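S.K.: Residue numbers (numbering that gives the first Met the number 0), protein chains in the order written: chain A, 0 to 202; chain B, 0 to 167.
Hints in this document: simulated from the structure, not taken from any laboratory.
Possibly wrong hints are sitting among the right ones.
Claimed, not checked - In silico lysine to any residue, SDA-like type, Cα no more than 20 Å apart, as pairs: (1) A:124 - B:76; (2) B:116 - A:141; (3) A:141 - B:82; (4) A:171 - A:51; (5) B:116 - A:48; (6) A:45 - A:193; (7) A:124 - B:78; (8) B:116 - B:54; (9) A:141 - B:77; (10) A:124 - B:77; (11) A:124 - B:79; (12) A:124 - B:38; (13) B:116 - A:116; (14) A:124 - A:48; (15) A:124 - B:120; (16) B:116 - A:34; (17) A:124 - B:141; (18) B:112 - A:174; (19) A:141 - B:145; (20) A:141 - B:65; (21) A:62 - A:93; (22) A:141 - B:78; (23) A:62 - A:148; (24) A:62 - A:108.
Predicted, not measured: the structure shown is a model, and the values here were computed from it.
Given next are the chains, with one letter for each unit.
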Amino acid sequence: MKHRRARYLPLLLLLAAGLLLGGCGGAPLPFRLTNISGHMPDLDFKLTDDNGKPVTGADYRGKVVLLYFGYTHCPDVCPLTLAQLHVVMQRLGPLADGARILFVSVDPARDTPAIMHAYVNAFDKRAVGLVGDARSVEALSKRYRSAFTREPSSADGAYEVSHSSAIYVFDKRGRARVLATPSASQDDLVHDLHLLLDPGINP
Amino acid sequence: MKPPRLSLLLAGLLLAGGAHAAAADHVRASHAWIRVLPGALPAGAYVTLENDGDQPVALNGADSTVYADVMLHRSSTAGGMSRMSMVDSLDVPAHGKAVLAPAGYHLMLMQPKAPVKAGDTVRLTLKFTDGSTLATDFVARPANAMDAGDGHAMPAMDHGAMPHAAGH
């Protein structure tokens, strides 16, 4: 009996690893935030990063991604959210190096890579600003059932943008895992990111 | 609640406030700060207003020599969407207070005439609907600051909820 089990152990381990990687077996990770595993498509987009380099979702495989839509002419909620994500990253310590905050501009008319670069780096060195033409940004937004609209606000041509306030979290394989709503606590976000980043928990 | 030194400072500011506009001498401002963003991007300004008077007052804007335009705004989140809207005024009840804080009421500061850096002090003249004013020094804080940095953080902002509308 003992010998038999030993013989099959490597096979079992391989199987277990396969199941973990496949994400469809074993114990599900005990997320505290809204679990969207299997309910949202994998991270996929074609945009330009804040260094002016074309990037796709595949470029962020190997990183846990926090996806957030906003715009730089947003002086209140967007900076607050990014500042809070910075606090979350700080609380994760060295593990945070395995994560990226992707801040996607829903204001392609005003947000250039240079503006986005200065903006995201004012919050966290692991934040990346992404811009694209209106169609590419809309495609990404629709993919995650997010939304944004442009609203005129003053006579001088300035405008405000209403935008989805959710933060979408993807694992290192680009799979959508949890959704943080504006009412979610930082503790829960830190907890769930820990599950996704800790190599001992999720190889 | 408030350090006496700030009261003295504010009293001084009120005295220096010019003879034309009446000073809002029943209103005290504290935790006044600006979240500085890069370049010429609009910035949010936050402050707590306490009204010791027997009459309500209502904030309806601010003037600044540093920013070309200042608007009173409110952020709100409904149905998973964040939006900002202009508001005409914010009531500060008699013997009550009003809080301008992230994800709620804020002054939107636009078109800085010169770069504002974290650590700078920017004076805004708060304007009330009765014509009174209150000159207030706002401390410029880094983009990723969570509060005024004066040790009087709003309790909810430390380990609490993500952005939410701040009531008053």
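S.K.: Of the numbered hints stated previously, which ones are contradicted by the structure, given in increasing order?
M.R.: 1, 2, 4, 5, 6, 7, 8, 10, 11, 15, 16, 18, 19, 20, 23 and 24
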